[in-house]
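**Student:** Here are the chains, one letter per residue:
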Amino acid sequence: MTKQKIIDKYPDATGHFGVYGGRYVGETLIAALEELEEAYAKASVDPEFIFEFRNMLEHYAARPTPIDFAERLTKHIGGAKIYLKREDCAHTGAHKINNVVGQGLLAMRMGKKKLIAETGAGQHGVATATIAARFGMECEIFMGTEDIERQAPNVLRMKLLGARVIPVDSGTGTLKDAMNEAMRYWVGESADTYYVIGTVSGPHPYPEMVRNFQRIIGDEAREQILKYAGRLPDLLVAAVGGGSNAIGLFYPFMDDPCEMIAVEAAGDGLDTARHAASINGGSPGSLHGAMTYLLQDDNGQIHEAWSISAGLDYPGIGPEHALMHDIGRVKYASATDAQAVEAFSKLCKYEGIIPALESAHALAGAIEEAARRPKDEIILVCLSGRGDKDLENVKRYMDAHHE
Amino acid sequence: MTKQKIIDKYPDATGHFGVYGGRYVGETLIAALEELEEAYAKASVDPEFIFEFRNMLEHYAARPTPIDFAERLTKHIGGAKIYLKREDCAHTGAHKINNVVGQGLLAMRMGKKKLIAETGAGQHGVATATIAARFGMECEIFMGTEDIERQAPNVLRMKLLGARVIPVDSGTGTLKDAMNEAMRYWVGESADTYYVIGTVSGPHPYPEMVRNFQRIIGDEAREQILKYAGRLPDLLVAAVGGGSNAIGLFYPFMDDPCEMIAVEAAGDGLDTARHAASINGGSPGSLHGAMTYLLQDDNGQIHEAWSISAGLDYPGIGPEHALMHDIGRVKYASATDAQAVEAFSKLCKYEGIIPALESAHALAGAIEEAARRPKDEIILVCLSGRGDKDLENVKRYMDAHHE
Amino acid sequence: MNRIDTTFRNLAKEQKKALIGFISAGDPDYDTSLEILKTACTSGLDIIELGVPFSDPTCDGPVIQRASQRALKSGASLTSTIRLAADLRKVTETPIVVFSYYNPIFKYGLENLARDALKAGIDGLLVVDLPPEEAQPLSLALEETNIHIIRLAAPTTTSARLAKLVDGAGGFLYLISRLGVTGTGGLDFESIRSHAAQVRASCPLPVCLGFGISTGADARLLASCADGIIVGSAFEKIIEANLSHPGLPELVAELVEEFRDSLDSINSEPVGEGGSSGGLDKPGQ
Amino acid sequence: MNRIDTTFRNLAKEQKKALIGFISAGDPDYDTSLEILKTACTSGLDIIELGVPFSDPTCDGPVIQRASQRALKSGASLTSTIRLAADLRKVTETPIVVFSYYNPIFKYGLENLARDALKAGIDGLLVVDLPPEEAQPLSLALEETNIHIIRLAAPTTTSARLAKLVDGAGGFLYLISRLGVTGTGGLDFESIRSHAAQVRASCPLPVCLGFGISTGADARLLASCADGIIVGSAFEKIIEANLSHPGLPELVAELVEEFRDSLDSINSEPVGEGGSSGGLDKPGQ
Ligand SMILES: Cc1ncc(COP(=O)(O)O)c(C=O)c1O
Ligand SMILES: Cc1ncc(COP(=O)(O)O)c(C=O)c1O
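Residue numbers (this note's numbering), protein chains in the order written: chain A, 1 to 403; chain B, 1001 to 1403; chain C, 2001 to 2285; chain D, 3001 to 3285.
I should point out that these hints are in silico values taken from the structure, not numbers from a laboratory.
Misleading hints may appear alongside valid ones.
One side of the interface only, derived from the structure: several residues of chain A facing chain B at Cβ under 8 Å [as the list claims (entries may be wrong)]: (1) A41; (2) V45; (3) E58; (4) D68; (5) R72; (6) R86; (7) H91; (8) M108; (9) G111; (10) P153; (11) L160; (12) G352; (13) L391.
As a list, the in silico PhoX-like pairs of lysine-lysine whose alpha-carbon atoms are at most 20 Å apart [claimed, not checked]: (14) B:K1113 - A:K349; (15) B:K1395 - A:K349; (16) A:K113 - B:K1395; (17) A:K159 - B:K1395.
The structure displayed is predicted, hence computed values, not measured ones.
Where a beta carbon is used, it is the ideal one built from N, C-alpha and C, also for glycine.
The task is simple: from the sequences and hints, build the whole structure.
**Tutor:** Here it is as structure tokens:
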């Protein structure tokens, strides 16, 4: 029995991953999305674009990022070997840069003068502002007023990088409202403005395009693990907010005999209202341009998400993940705030790496799996970013929980 | 006329760089330094040690760091081409990691159980705590009480990494006092404790050993610039505090036809009392184990140094630099706080890279040089670290100066 | 016959332009909202657009966003919107178009919606973020009803795409008058006229202009190039400014009358015959 | 003959142990410091160690660090220390050893120092962070004087190294009694005794024990295995605790007397003959 290949099968020509994905947007945006789709389709097969992208990743984003055997953590747990894909060492401190490099180059090709983006914790805002500075483009970042207060250092970063931060006080003044506002702005200004979406969500072609820009994570990791460990990993683990680092790592392994676990943020717990687990605690629906799993009530109103990790704090997930869940290719687990903070501490203490709280969710999942797997198995974890941005948050959490 | 080679000539067998360097310590430390010297001499030619060091640099420290052509900054200035050696992308965000990886491995070989280090801004403390965690060693970091207050995030980092931060309130409660205290502690505990000095200063063999651990910067950069630019740079520029990133970059080019400029921190200006320019504003003397240039008064009392950049805020400089100054191989320039902040802003705005304030001094020097050199010249700048740690400082400076 | 089609047929006969009013369902509360709707219908609205409040209205400007928020706070939902339509239907034959984002509809269930909307006397469904490419399930669900799917066209819509939009649509074409989200102002009358003329030339449905029309004067200036005009934020502004005003429905009615008068005062070309049967007589043809 | 050598010769004759006192020069101020020194000399100190305050005293514990800081605040320096020695010399023949870090000396100029120290009647120079490997310039500068360079040896000093230390040194060998910096306490008498015996066996100079000796009892317990004992932090503690006490010099003198009495009370082996000429009669030889 030959298994059907998953890679290259999705999305279909209309941007659907099974029933997910697609293009659920107001008519005014259709032309802009078609323009983008066409430009991306051309660029993605243009050797010059491919060269520029690779070149920027190497010299600017500091790729390849290494893989790193977490020997002491592995010993401490006493089970399967844990390897880390070190996206924390990429420029700006997370995998986010891969995507903005790609989209920034594309925006330039398309003759756009300005980049806009939404941001919650500020990570994607900083990444977009970064690339705008590098390319000499104007930049406006939409950010909820709540978040502007909570994430002052990233606001400062964006300003230093020359971006304007546009406060959004509609709705709950957080990430999804910022995304709403960015889309509204784009509707009016798409002629000279490029909208940089930060994860594998949004209307077609974003999920496909962002995945393809992020697959560098998995392409590198596959080559590296084969070189250093001599074989494929048994399990891949990544945290999933929108899902770009997870799909970036997983995608090149899709047709390999590797298990995959994506870890959602369970916040206070899946049995509470305070979590961000769209698959484990949500249901299908359409938001921000795509059909996918969402946190919503019975009336189809979107719930505010909650996680200690600002980067996972989004009420949706990329449509490709929705499909991977339905077809069972990827298992969607979850980790609570408490589990993430514990994994965070462990990586600090055993490996001298301060992970992003997002990545700490992946670690929590990996630690659980490692404990119940034999020592000769290999788990490859996407360490999607560094945790410098999270220090205050973790301290507050620890202080409140007397750790 | 064949020029005499500089490389491999210094230090001499007794650890002197001309009249500088040496071993100006209390008798009780002599045995510890001899033990270290011997251990390092053995390790440095042991293929296993060399492999371990390279391996850790690759997988853990994320080396090689790239070189990156700063195209927009170059255009903006309109002179020589500026290339950046991207130490900001190394694990923990600065070149400091190279050295602590080396010394950490050495400490393990020597059977030491505990690492100690002094820290001012906390960068070297974090790097040492990092490596202690990675190797499972105890760690105590000496830090002035003043600095503990000013650098709360780094204190938190060290604690998360499992290190104890020992407050030092003697003297002025800043970096040099922390170093004093670390030396005092080491005098009593050298049997099971390894003292990790963070720069090319201190008694022999530290300046030589740290240089050799840091020369990876220059070794990589030399290969990279030859590959990407096709030729050697005309000028190398680096900021100089203790001088480890500068000598790390310069050393492999010592016998090449390249100019070299090390940029000291001029704080409020060399004509004021508030600067940290040991060569441009100091005189020879002995401190912390070595003969070198120091900030001191007529009575040989050491001055407090001042710079907006905490990592340059030290009243001495590595002895090899003292020699390089005297023999004219390296030019010692300086940049004021204002010039550094301006260069900082420029790199943010033109390249989307937030540099460490230390590195901003190098950039200030490079920008000045680029402006007066033709477009076909190449300047290679050591971007020794990232500036996330400096955001608050820069903001405070800008607010105070209405920028 | 669908009430929308009847309305356009009648307006055509009277050589009048359609006045379509968007009202956020349940803003500020169910009862007031019902009163506003009733009064608006008797004051000269030809078609009601009943907005289903949504937590993330990405196609709307701040005025309708806030209206949506108020409605949500008062407990509004697609369910209550359908009930509102049914209650309104008891007292008026004015066509009711439910205006929604897709998610509340999807979550409600397309079959459920078709059944309940029909029962409530709803005449059309306008799903602002559901382009034709994604609309098949909804079309299928509505197949057995005579509820129209109303489509929007944008200034950036090509003529090729227009054909696609209109295919399977009914009632009228909602022609967005400018780039951007709902809200008042920002109109470039010259380009709207030329674009509207182009669209009408190839569109088998009545073409109504909306987005940004905030005064009687705007309406008068644009009515001649369309079959009707759509006003939304202007009504919501009045509501927002008079939330606890006891005579709120009358205030909205006054604005409806103003628009009505403006539209009726123009010396317009005759509008074509409405109806999904298509084949309209167009000026310039 | 150097006063230090004379002192050890006389002590040997009297079968007494040397009591060497470290006092930070200029703490708390010049005049008080001079009074303390004078009184200490008349109360039984055999040798004065006059500490040059330094901003970065890496070999000193907190007590002497603070003494150094107070002295610096009162304006003390190597210059004023030399003046203090000269003033003291006017009233006493007690040997004076200047105890310093290298930097103040280096900055002062080695030639200048040799000249001025000689003029002031200084007998020895102990540079705590100047191992023999770095000492050549100082040795050269002092060559024409009869000022001794005093060396320290540590518990970790090997016998090979001891020979190097003593080469070119004079006066006495300062044997550090424990690992660590100056300060009181932390003594392991057993190991000190055995190490001291070893050192004395091969050292041509009188061997005096210092670091950590804080009470008469300590002194008594250690005197038998050395030619003298050195007390520093214990004096500085008294000074620190009585900074504005009018009878401060007397308080220090009392402590000097206590140490003196303790030393004199012991039934010790005869000390060897002092002097840079070497060749001492050692117990166990
Ligand atoms: C470090 C890091 N990891 C993960 C995420 C989650 O995004 P995604 O699921 O798209 O990888 C973020 C988002 O900000 C992030 O900053
Ligand atoms: C980023 C960075 N650059 C430079 C320095 C200065 O040290 P050195 O002169 O040893 O390179 C520091 C010290 O903390 C640093 O953190």
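**Student:** Run the structure past the numbered hints and jot down the numbers of the failing ones, going up.
**Tutor:** 1, 2, 8, 9, 15, 16
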